[in-house]
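Residue numbers (this note's numbering), protein chains in the order written: chain A, 1 to 155; chain B, 156 to 458.
Read the hints as simulated data drawn from the structure, not as lab findings.
Keep in mind that this is a model prediction, so the values were computed, not measured.
Glycine included, each C-beta is placed from N, C-alpha and C at the ideal position.
Treat the hints with caution; some may be incorrect.
Straight-line C-alpha distance at most 20 Å; calculated DMTMM-like pairs for lysine to aspartate or glutamate [what the hints assert, rightly or not]:
{"no.": "1", "chain 1": "A", "residue 1": "Lys129", "chain 2": "B", "residue 2": "Glu353"}
{"no.": "2", "chain 1": "B", "residue 1": "Lys342", "chain 2": "B", "residue 2": "Glu353"}
{"no.": "3", "chain 1": "B", "residue 1": "Lys235", "chain 2": "A", "residue 2": "Glu123"}
{"no.": "4", "chain 1": "B", "residue 1": "Lys342", "chain 2": "B", "residue 2": "Glu382"}
{"no.": "5", "chain 1": "A", "residue 1": "Lys129", "chain 2": "B", "residue 2": "Glu268"}
Here are some, though not all, of the chain A residues that point toward chain B, as calculated from beta-carbon distances under 8 Å [claimed, not checked]:
{"no.": "6", "residue": "Asn114"}
{"no.": "7", "residue": "Asn116"}
{"no.": "8", "residue": "Cys117"}
{"no.": "9", "residue": "Ile118"}
{"no.": "10", "residue": "Thr119"}
{"no.": "11", "residue": "Asn121"}
{"no.": "12", "residue": "Glu122"}
{"no.": "13", "residue": "Ile124"}
{"no.": "14", "residue": "Cys140"}
{"no.": "15", "residue": "His141"}
{"no.": "16", "residue": "Phe142"}
{"no.": "17", "residue": "Cys143"}
{"no.": "18", "residue": "Glu144"}
{"no.": "19", "residue": "Lys145"}
{"no.": "20", "residue": "Ile146"}
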Amino acid sequence: MEKENLRKELKVSAIENGTVIDHIPSGSVFHVIKILNLTEYQNQLLIATNLDSRKMGKKGIIKVSNKFFKSDEINKIALVAPTATLIIIKNFEVIEKKKVEVPDYAENIVKCFNPNCITNNEEISTKFKVTDKKELKLRCHFCEKITARNNIAFR
Amino acid sequence: MKNKSLVSINDFTREEHIRILEIAGGFEKQPKQRILEDHVVATLFFEPSTRTRLSFESAATRLGARVIGFTDSSSSSVIKGESLRDTILTVSNYCDIIVMRHPREGSARFASEVARVPVINAGDGANQHPTQTLLDLYSIRKTQGSLDNLNVAFVGDLKYGRTVHSLVQALCNYNTTFHLISPLELKLPSSVKISIKERDLEYSQSTDLQDVISKVDILYMTRIQKERFSDPLDYEKVKNAYVLRNSMLEGAKPNLKILHPLPRVNEITTDVDANPKAYYFTQALNGVFVRQALLAAILGVVE
Numbered sequence: 001m002e003k004e005n006l007r008k009e010l011k012v013s014a015i016e017n018g019t020v021i022d023h024i025p026s027g028s029v030f031h032v033i034k035i036l037n038l039t040e041y042q043n044q045l046l047i048a049t050n051l052d053s054r055k056m057g058k059k060g061i062i063k064v065s066n067k068f069f070k071s072d073e074i075n076k077i078a079l080v081a082p083t084a085t086l087i088i089i090k091n092f093e094v095i096e097k098k099k100v101e102v103p104d105y106a107e108n109i110v111k112c113f114n115p116n117c118i119t120n121n122e123e124i125s126t127k128f129k130v131t132d133k134k135e136l137k138l139r140c141h142f143c144e145k146i147t148a149r150n151n152i153a154f155r
Numbered sequence: 156m157k158n159k160s161l162v163s164i165n166d167f168t169r170e171e172h173i174r175i176l177e178i179a180g181g182f183e184k185q186p187k188q189r190i191l192e193d194h195v196v197a198t199l200f201f202e203p204s205t206r207t208r209l210s211f212e213s214a215a216t217r218l219g220a221r222v223i224g225f226t227d228s229s230s231s232s233v234i235k236g237e238s239l240r241d242t243i244l245t246v247s248n249y250c251d252i253i254v255m256r257h258p259r260e261g262s263a264r265f266a267s268e269v270a271r272v273p274v275i276n277a278g279d280g281a282n283q284h285p286t287q288t289l290l291d292l293y294s295i296r297k298t299q300g301s302l303d304n305l306n307v308a309f310v311g312d313l314k315y316g317r318t319v320h321s322l323v324q325a326l327c328n329y330n331t332t333f334h335l336i337s338p339l340e341l342k343l344p345s346s347v348k349i350s351i352k353e354r355d356l357e358y359s360q361s362t363d364l365q366d367v368i369s370k371v372d373i374l375y376m377t378r379i380q381k382e383r384f385s386d387p388l389d390y391e392k393v394k395n396a397y398v399l400r401n402s403m404l405e406g407a408k409p410n411l412k413i414l415h416p417l418p419r420v421n422e423i424t425t426d427v428d429a430n431p432k433a434y435y436f437t438q439a440l441n442g443v444f445v446r447q448a449l450l451a452a453i454l455g456v457v458e
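So here's chain A without its partners, still in its complex pose (with noise of 0.2 Å):
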C-alpha cells in the first residue's frame, strides 16, 4: 500500500486540500468529470488515466483540489465507476478512505436502452430508480423498462 501510493505520487502531484477519486476504470475517467460537473472548475483538477494499476490492470485517478463532495453528489459515478475509492485530504494528510455507494435514483447520467422511449426521442432528462445495487438494474421514470449493466450506456 505505501509503495503503491508512492509511486501514484509520482505520478500525479499530491494535492493539499481535496478529494482524491481513485480506482476509476480507465474508461471512465471522463464520464466521472462530466457527471461531477469538472469540465468548468475553477480550482487545481488532477486527472490521469491509464495508469497500470495493480488491482485493475488500468485505471484512472483524479484529483481535486479544495473541493468536499457530499455523499449524494459523489455517489452519482457510482454508476460508472463502481470500483472508485475516495480519498480525502487536508494539508497533505488523509483524513478519510471510503468507498462509492450506487444511488437509489439516477437523473440525467444514463441513456435508457429502449430506443422507443421518449427519453431518446424529446429533450428530457432521464431518470431511473436503481431496483438492484448490486446487479445494477435501472427502471426508466418513463418507459418503466428495465436498463442492466449490459446495455448500460451514458448520456
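Dock chain B against chain A, hints included.
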C-alpha cells in the same frame, strides 16, 4: 382521485381501482348524466386508435362535456416539428383534462409532468394502457361477482401484449391463480412474471389451450401477430393452436367468461359469439362506463 393523472395502472391504489369500478357501475345503470357540462376534454391521439378514442369521446359526450382534439399526428402541429412538451403545454390552456395516446413509451408520464391539467394515458407505445385494464377488471368483477381468488387464463401473445402485462399486474392484488398459455416464442416476460412470484401466487405455464378451459373462470384471449415471429414457418406451426372454437367450450365451468381486448382476427371463431360465455363485445361497452367514471372522478365531480 381529483386532479390525479392516470398513467400507469399502479398509479392508483387497489382501493382507488375498486372505487372507479363502483362509480362505473353507477354509469352503467344511468349512462346519460350531464355532470361535466362546463368541462372540456382534449383527446390527443398521436397515433390512430378507433376503439379507445371513440369510447373516450362517447364517455365524455354522455357526461355533457365538450371534446376537442386530433385523431392522428398528421392533423396536428407535430408534423411541423413541434415537441410533445410544447403541444402539451399549449393544449393544457384549452382544456380541463387530457386523454392521450402516443407511440412512444413514457410519453404519457412525461406529459403528466408537463401539463397543468391531469392526463389519462390511453396507451403509450408498448408500455401501459391503464383504462383497458380497468375495463377488464370491471368486466371480471361484474361477471364473477368479485375479483378475489379467481382462476384466469391468458392466451396467445403474452410477450408483447401490453393489456396482458397490465392486467396480470393488477390481478396480483386479488390472489389470482394464473394460467399462461402461449407459444414458447411469446411467453410472458420475466419482468411481468416477477409480480406474480413476488406475491407468491400460483401459476402454470403451458402451450396447450384445450387443457386449461375446464379449470378457469376467465379466458383472456389475445391475437397472435405474424410479424412477431422471425421465422414465418414458426408462425404457421402455432397459429391454429390458439384459436378458440365453440366446440372446445363443452367442459367449461358455468361461470366462465371469454374476454378479448379486440380487435379480433381469427383467434375466436364466430360460432363462439352466440355462446353466453362470450363477453368481449359487452367488455367493450363496459369501457365507456369505466371511462365515464375516470373522467368524473379525476375532474372531481364524483368522489
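Okay, the hints, checked on the actual structure:
Taking the CA atoms of lysine 129 (chain A) and glutamate 353 (chain B), the gap is near 18 Å; set against the 20 Å cutoff, the hint holds. This hinted pair checks out: lysine 342 (chain B) and glutamate 353 (chain B) have alpha carbons roughly 18 Å apart, not beyond 20 Å. For the proposed pair lysine 235 (chain B) and glutamate 123 (chain A), the alpha carbon gap of about 17 Å is at most 20 Å, so the pair holds. Between the alpha carbons of lysine 342 (chain B) and glutamate 382 (chain B) the distance comes to roughly 16 Å, so the proposed pair stays at or under 20 Å and holds.
Distance hint between lysine 129 (chain A) and glutamate 268 (chain B) is fulfilled; the C-alpha atoms sit about 17 Å from each other, no more than 20 Å. At about 6 Å, the closest approach between the beta carbon of asparagine 114 (chain A) and any beta carbon in chain B falls short of 8 Å, and the interface hint on this residue holds. Annotation: interface hint on asparagine 116 (chain A) holds; nearest CB of chain B at approximately 5 Å, less than 8 Å. Nearest Cβ of chain B to the Cβ of cysteine 117 (chain A): about 5 Å, under the 8 Å cut. The hint holds.
Interface hint status for isoleucine 118 (chain A): upheld, as the beta-carbon distance to the closest one in chain B is roughly 4 Å, under 8 Å. The interface hint given for threonine 119 (chain A) is met, as the beta carbon of that residue sits about 6 Å from the closest beta carbon of chain B, less than 8 Å. Below 8 Å, beta-carbon pairs count as interface contacts, and asparagine 121 (chain A) has one with chain B at about 6 Å; its hint therefore holds. The interface hint given for glutamate 122 (chain A) is met, as the beta carbon of that residue sits about 6 Å from the closest beta carbon of chain B, less than 8 Å.
At a threshold of 8 Å, the smallest CB-CB gap from isoleucine 124 (chain A) to chain B is about 6 Å, leaving the interface hint in force. About 7 Å separates the beta-carbon of cysteine 140 (chain A) from the nearest beta-carbon of chain B, less than 8 Å, and the hint is met. Contact between histidine 141 (chain A) and chain B, as hinted, is supported at the beta carbon level, the nearest pair being about 7 Å apart and thus within 8 Å. Residue-level restraint check for phenylalanine 142 (chain A) holds (minimum Cβ-Cβ distance to chain B is 3 Å; threshold 8 Å).
Look at cysteine 143 (chain A): its Cβ gets to within about 4 Å of chain B, closer than 8 Å, so that hint holds up. Interface hint status for glutamate 144 (chain A): upheld, as the beta-carbon distance to the closest one in chain B is roughly 6 Å, under 8 Å. The criterion of a C-beta within 8 Å of any C-beta in chain B is met by lysine 145 (chain A), whose closest approach is roughly 7 Å, and the hint holds. Satisfaction of the interface hint for isoleucine 146 (chain A) is found here, the shortest Cβ-Cβ separation to chain B being roughly 6 Å, below the 8 Å cut-off.
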